[in-house]
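**Q** Produce the entire structure from the sequences given, and follow the hints as far as they go.
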Amino acid sequence: MSNLILPNILKFLLLLLLADTVVPVQLSLLSNCSNFRWANNYVNNYIWSIVGEWRVVDCTVNNNDQVDATLWFNQNKKIEIVGRVKVISKNKFNITNLQLSDMGKYYCKACGNTKTHLRMNVKRGTPFAKPEISKPPTSSIVKYGSTVTLECSLKGSYNDYEMLWFKVQSNGNYLEQKSTSRPTWSSDYNNRVQREVLRISNFIEENEEYFCQVRRYGVNYIRKTDHVKLQLETLAMPVISNFPRNGKLIEKEEETHDVNYCVLGTPSPDVAWYKAVDGKRELITKCSGTTNTCLPINNKDIEVKLHSFVIKNASYVRHHNVTYICRAENVKGQDEKNFTVFVKTKPRLVALKSEIQIYKKNLRLHCVLSETANPENITYSWAYCDKDVNNVISCQSTDDWKPVQSRQNNTIKILPHQAGGIRLYRCTADNRFKKDQLIWTIVRPIGQNIPKGVCDHVAAKLESEKEEKSGNSSMEPIVVWQGIVAFLAILLLVTLFLTFRRRNPPKQEYNTCVVPVLKEKIGDSV
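So in the numbering used here, the last one in the sequence shown is 528, and the numbering has no gaps at all.
Misleading hints may appear alongside valid ones.
Said to hold, decoys possible - Each computed DSSO-like pair below joins lysine-lysine, with the alpha-carbon atoms no more than 30 Å apart:
id, residue 1, residue 2
1, K339, K277
2, K288, K307
3, K169, K137
4, K436, K254
5, K231, K180
6, K107, K80
7, K314, K302
8, K125, K107
9, K92, K80
10, K250, K437
11, K302, K282
12, K302, K277
13, K94, K79
14, K107, K117
15, K231, K132
16, K92, K107
17, K415, K436
18, K250, K132
19, K111, K94
20, K346, K389
21, K288, K302
22, K254, K180
23, K157, K180
24, K404, K436
25, K346, K437
26, K363, K404
27, K169, K231
If you're looking for bench data, these hints aren't it; they were derived computationally from the structure.
**A** Now the structure itself:
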């Protein structure tokens, strides 16, 4: 009997012990959950995590210290806090090394309440990627005013990261730069490439530094590239060289002259050409050192390139004593050089209008230089030849001519020592470049009469000139006109002869008449 009573007493005592333990626990739980409320924490369900990253699930409550929350996956699977699941703080969990299988809904449970905390989105990609400068500058030394292109890239990413370019300022702060996104899509995530291109235009600073940065806000990840250091080329003032010596360009008329000048400087200087006459400057054109081109010129005689200045068909009237100025300029300063053009021409002599004069005394012959000829360095010489009426002396040989001295250089006075008949006077202008000549025919009467042979010679000469001109043209109106001119010339000669007889009494011994009709222009040059 006693054996039966003892076990029952032990069971009763055990039940009393359990009751004393369970009831306080239940009362404590009811007390902690009486004022239960989930913490008001914002959750972004549109974030996509990359395989290998982590994501925090926050199950905190208002009285977090007294309540223990549990984490559930898809509502029916309790997550054990082991392995990849870490506890950051009470009721806050971190799921690390995310996998595609972790995609789904996550719930928090506490005090008999359930909360849909977040939707976990997971995709393939490159976690914690390191950016690289995939397109560095071709040289760290940059030309002034040029454009530099830098490219930052991430492989295995398609806009998964925020990618930005920054410039390092002189005070050490970072200034975000405007760049262009150029990603490459591929169905294979390993072939996807995220790119950000920075274009630095008009580079003018001495030294600049840039870097690329990527960021993933969901995992608080930031990574930068090494700094790209750019240095401006060494600048130098413009220098103009290869200009004509002593600032003079001596040219021959009707020829083309090229001045192959050289302009150095860093950056490449811009060039402007001017024309100066009587101290007044006139812009010819401007040339860009950047594009190596010049503006069009409204002048057929001038051609300008960045390293060439050409004067075409040099003219005494248009180009002689004209100063051309070259001015080069860049950010470091300027240089200016000039040269003056001197045009060498033929000493062209101008024949006066055809006329007949009756010489009385002090007859003078003048060599008149054309306005299109350069009068500098010209010397004049005179000679005469007594031309025989019967052409025994034709004045075609050099020996037939005898020099005559003239005190007035380009003017000669005819003295009354000429024998009756024809005497030719020749003026030669020489500037050591070329020569030109004029020939006058002086007719002097024998006694009181002009010899018949002289008149016949004059008429024959006119007839010869008429035939020569008519032979060069088949146009009948020209032939008729030349005949009329010859006839009028002879008629005029006879008229003057009669006038000569009336004006000069028989007692006068010598009379001389000039016949410029027979003035001969022996070519433009000899």
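**Q** If a hint holds in the structure, say so; if it does not, say that too.
**A** So, going through the hints one by one against the coordinates:
{"no.": "1", "hint": "K339 with K277", "verdict": "12 Å, holds"}
{"no.": "2", "hint": "K288 with K307", "verdict": "9 Å, holds"}
{"no.": "3", "hint": "K169 with K137", "verdict": "17 Å, holds"}
{"no.": "4", "hint": "K436 with K254", "verdict": "11 Å, holds"}
{"no.": "5", "hint": "K231 with K180", "verdict": "18 Å, holds"}
{"no.": "6", "hint": "K107 with K80", "verdict": "12 Å, holds"}
{"no.": "7", "hint": "K314 with K302", "verdict": "8 Å, holds"}
{"no.": "8", "hint": "K125 with K107", "verdict": "15 Å, holds"}
{"no.": "9", "hint": "K92 with K80", "verdict": "17 Å, holds"}
{"no.": "10", "hint": "K250 with K437", "verdict": "24 Å, holds"}
{"no.": "11", "hint": "K302 with K282", "verdict": "21 Å, holds"}
{"no.": "12", "hint": "K302 with K277", "verdict": "15 Å, holds"}
{"no.": "13", "hint": "K94 with K79", "verdict": "18 Å, holds"}
{"no.": "14", "hint": "K107 with K117", "verdict": "11 Å, holds"}
{"no.": "15", "hint": "K231 with K132", "verdict": "20 Å, holds"}
{"no.": "16", "hint": "K92 with K107", "verdict": "21 Å, holds"}
{"no.": "17", "hint": "K415 with K436", "verdict": "26 Å, holds"}
{"no.": "18", "hint": "K250 with K132", "verdict": "66 Å, violated"}
{"no.": "19", "hint": "K111 with K94", "verdict": "12 Å, holds"}
{"no.": "20", "hint": "K346 with K389", "verdict": "35 Å, violated"}
{"no.": "21", "hint": "K288 with K302", "verdict": "16 Å, holds"}
{"no.": "22", "hint": "K254 with K180", "verdict": "60 Å, violated"}
{"no.": "23", "hint": "K157 with K180", "verdict": "22 Å, holds"}
{"no.": "24", "hint": "K404 with K436", "verdict": "22 Å, holds"}
{"no.": "25", "hint": "K346 with K437", "verdict": "12 Å, holds"}
{"no.": "26", "hint": "K363 with K404", "verdict": "23 Å, holds"}
{"no.": "27", "hint": "K169 with K231", "verdict": "10 Å, holds"}
The structure fails hints 18, 20, 22 (numbered hints given earlier, in ascending order).
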